[in-house]
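Colleague: Spelled out, the chains give:
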Amino acid sequence: MAVVLDARDLNKHFGAITAAMNINVAIEQDSVVGLIGTNGAGKTTFINMITGYIKPDTGSIVYQGRDITALSPREITRAGICRSFQIPQLYASLSVFEHMMVGLGVVLRNAGLDGYFSRKRPNVPGHDAPAEEVAERILERFGLASYRDKNAQVLPGGVRKLLDIALTMVAKPTILLLDEPTSGVSAEEKFGIMDMVMSAVKAEGATVLFVEHDMEVVSRFAQRVIAFYDGRIIADAAPEIALTDPEVKRYVVGGALHRLDEQQGAANA
Amino acid sequence: MSRDRTLPILGAVLLAVVLAGPLLPQWALFLVTIAIAKGLVALGLMLLLRAGLVSFGQALYYCIGAYTAGSVGKFFHVGDMLMQMLAGAAAAALVAFILGFLLARYRGIFFGLLSLALSMILYGLLAKNEALGSTDGFNVLPSTVLGIRPTEAWVRYVVVAVGCGVALLATALVYRYLKTPLGQLAPAIKDNEIRVEYMGTSVRNAIHVLYVIAAALSGIGGALAATTVGHIDPDMAYWTTSGEFIFITILAGTGSVVAPFLGAAIFGIIHTVAFDLSPNTWQMSLGTVLLLVIVFLPDGLWSLFTRRKAA
Numbered sequence: 325m326a327v328v329l330d331a332r333d334l335n336k337h338f339g340a341i342t343a344a345m346n347i348n349v350a351i352e353q354d355s356v357v358g359l360i361g362t363n364g365a366g367k368t369t370f371i372n373m374i375t376g377y378i379k380p381d382t383g384s385i386v387y388q389g390r391d392i393t394a395l396s397p398r399e400i401t402r403a404g405i406c407r408s409f410q411i412p413q414l415y416a417s418l419s420v421f422e423h424m425m426v427g428l429g430v431v432l433r434n435a436g437l438d439g440y441f442s443r444k445r446p447n448v449p450g451h452d453a454p455a456e457e458v459a460e461r462i463l464e465r466f467g468l469a470s471y472r473d474k475n476a477q478v479l480p481g482g483v484r485k486l487l488d489i490a491l492t493m494v495a496k497p498t499i500l501l502l503d504e505p506t507s508g509v510s511a512e513e514k515f516g517i518m519d520m521v522m523s524a525v526k527a528e529g530a531t532v533l534f535v536e537h538d539m540e541v542v543s544r545f546a547q548r549v550i551a552f553y554d555g556r557i558i559a560d561a562a563p564e565i566a567l568t569d570p571e572v573k574r575y576v577v578g579g580a581l582h583r584l585d586e587q588q589g590a591a592n593a
Numbered sequence: 223m224s225r226d227r228t229l230p231i232l233g234a235v236l237l238a239v240v241l242a243g244p245l246l247p248q249w250a251l252f253l254v255t256i257a258i259a260k261g262l263v264a265l266g267l268m269l270l271l272r273a274g275l276v277s278f279g280q281a282l283y284y285c286i287g288a289y290t291a292g293s294v295g296k297f298f299h300v301g302d303m304l305m306q307m308l309a310g311a312a313a314a315a316l317v318a319f320i321l322g323f324l325l326a327r328y329r330g331i332f333f334g335l336l337s338l339a340l341s342m343i344l345y346g347l348l349a350k351n352e353a354l355g356s357t358d359g360f361n362v363l364p365s366t367v368l369g370i371r372p373t374e375a376w377v378r379y380v381v382v383a384v385g386c387g388v389a390l391l392a393t394a395l396v397y398r399y400l401k402t403p404l405g406q407l408a409p410a411i412k413d414n415e416i417r418v419e420y421m422g423t424s425v426r427n428a429i430h431v432l433y434v435i436a437a438a439l440s441g442i443g444g445a446l447a448a449t450t451v452g453h454i455d456p457d458m459a460y461w462t463t464s465g466e467f468i469f470i471t472i473l474a475g476t477g478s479v480v481a482p483f484l485g486a487a488i489f490g491i492i493h494t495v496a497f498d499l500s501p502n503t504w505q506m507s508l509g510t511v512l513l514l515v516i517v518f519l520p521d522g523l524w525s526l527f528t529r530r531k532a533a
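As given, the protein sequences belong to chains B and C, one line each in that order. Converting from the first sequence to our numbering requires adding 324 to each position, the first position being numbered 1. Converting from the second sequence to our numbering requires adding 222 to each position, the first position being numbered 1.
It is possible that part of the hints are untrue.
Which bits of chain C does chain B cover? Going by a derived footprint, with three or more residues having C-beta under 8 Å, they are [unchecked claim]:
| hint | segment |
| --- | --- |
| 1 | 229-240 |
| 2 | 432-446 |
Counterexamples of contact, computed for chain C against chain B with all Cβ distances above 10 Å [said to hold, decoys possible]:
| hint | residue |
| --- | --- |
| 3 | V300 |
| 4 | V377 |
| 5 | L390 |
| 6 | L499 |
| 7 | I516 |
For the record, the hints were derived by calculation from the structure and aren't laboratory data. Since the model is a prediction, treat every value here as computed from it, not as a measurement. For every residue, glycine included, the Cβ atom is placed at its ideal position computed from N, Cα and C.
Work out the full structure, taking the sequences as your base and the hints as a guide.
Modeller: Encoded structure:
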């Protein structure tokens with residue numbers, strides 16, 4: 325499969341702290357990649373480097389054959405790499421629907437379709453429908469239609485998470501980076517949210533990288549797992565291999581995988 | 223969703239003013255014109271406020287508009303009101319475009335005080351400039367409209383009528399702007415700049431555009447004020463003038479493009495009545511009104527209308 329994103333020899337130090345050391349990752353198109361590691365292992369640094377929020381000390385990031393290392397976050401977003409946030413980044417005074425319209429407005433503006441005097445409602449690039457319809461469609465897909473006119477401030481945690489992710493879909497991303505999509509969400513809700521997100525994202529046809537601490541979620545949704553420890557990648561393989569790697573077990577997974585083993589054992593029995 | 227009647231309502235009110243104009247006393251016509259001039263400035267401030275920015279120095283552009291209008295009359299003998307307003311708007315927009323590169327980098331108190339500092343620099347420059355009359359300022363040429371000079375008795379009325387027309391046009395343009403994606407971005411910028419950047423657009427650029435629009439509106443307002451008062455002086459750039467504009471904006475609220483004009487009219491009425499009742503303590507009355515508005519109508523007078531609609 326074609327490589328859509330290629331991170332080469334990324335290094336990043338914050339003073340004496342190594343946030344990334346010799347990171348080499350090639351992401352294949354349409355794959356779903358889980359990024360795991362303890363807090364401070366370098367997962368979010370990796371995401372922040374790809375999205376241009378922080379710049380690597382050395383190394384380069386190539387996206388669809390184009391070097392994007394030096395681009396700003398908004399240029400990278402425009403190029404087709406979008407991200408969601410561990411803590412949902414919403415607009416407190418806007419309704420759910422208005423969130424979508426602001427995002428779609430930016431897409432229209434970037435495409436030069438926000439004509440001041442034009443009374444027509446142009447189709448949003450990549451969606452082939454006017455903004456209002458696209459907004460309704462995305463909300464529907466993420467199960468947010470019933471919250472359409474609710475203010476972001478009053479939304480429950482899981483819904484905030486979904487809205488944060490749904491917002492990334494307005495730009496029709498090629499690559500979607502989800503920073504802990506299920507953190508702060510109750511255990512019962514986790515799989516529901518991931519199912520919803522994954523089916524919505526796959527319907528739009530995006531490559532997904534997600535940071536996740538819950539190994540059950542990782543093993544169920546990821547096709548490939550990259551494990552970080554101390555700024556390095558210690559494993560990069562299919563979930564069943566990566567999650568049983570001794571180093572990963574020792575440094576990353578800890579007790580979580582044992583529970584998973586037990587559950588699988590119980591299910592098999 | 224019911225049709226938005228904002229513009230027809232404003233149009234009807236302004237038309238009523240124009241029609242009733244010949245019956246109104248001269249002082250009332252003067253008050254209305256000043257209210258329109260200040261309303262235009264407040265409209266610009268409202269745009270900035272929607273993005274979470276408070277300019278403590280909008281008098282900078284009000285003064286630039288006024289001095290440009292006065293100067294094209296004094297030095298180039300252009301007495302046409304519309305040309306003067308156009309020149310005032312253009313000069314204000316040009317200065318804002320240049321200063322915007324600096325100001326769009328700042329937020330909160332830094333944005334506010336930097337804009338205040340710039341307006342006070344202009345005040346200082348004008349107060350020292352003898353060609354422009356130093357602290358005394360200078361008189362503005364009597365106005366003509368499209369080459370026609372109204373008779374003495376009708377000057378005030380013509381100025382009001384032209385002011386109403388310009389205000390309606392400017393408000394319609396702003397109204398349309400607020401419906402564009404860039405216009406709708408302002409509340410999002412106020413709430414969460416990082417997210418706006420991650421959606422793929424430049425916050426700084428959006429603020430720069432807003433800043434220039436606000437300045438152009440203030441420039442028109444300043445030119446209109448210059449025409450109707452017939453005299454300009456550096457006090458138009460003084461910080462208390464900026465304070466008045468903020469007062470009007472807070473009084474009005476950001477609920478509608480019509481609100482700033484309502485706010486400016488009410489400000490004018492309070493100011494006049496308070497000054498009439500007690501010339502030495504009129505500021506106290508203004509202060510009391512502002513206090514009451516902030517406590518009981520934090521979203522401004524306009525929320526009186528929207529509240530009723532919501533109920």
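Colleague: Checked against the structure, which of the hints given earlier come out wrong?
Modeller: 1 and 2
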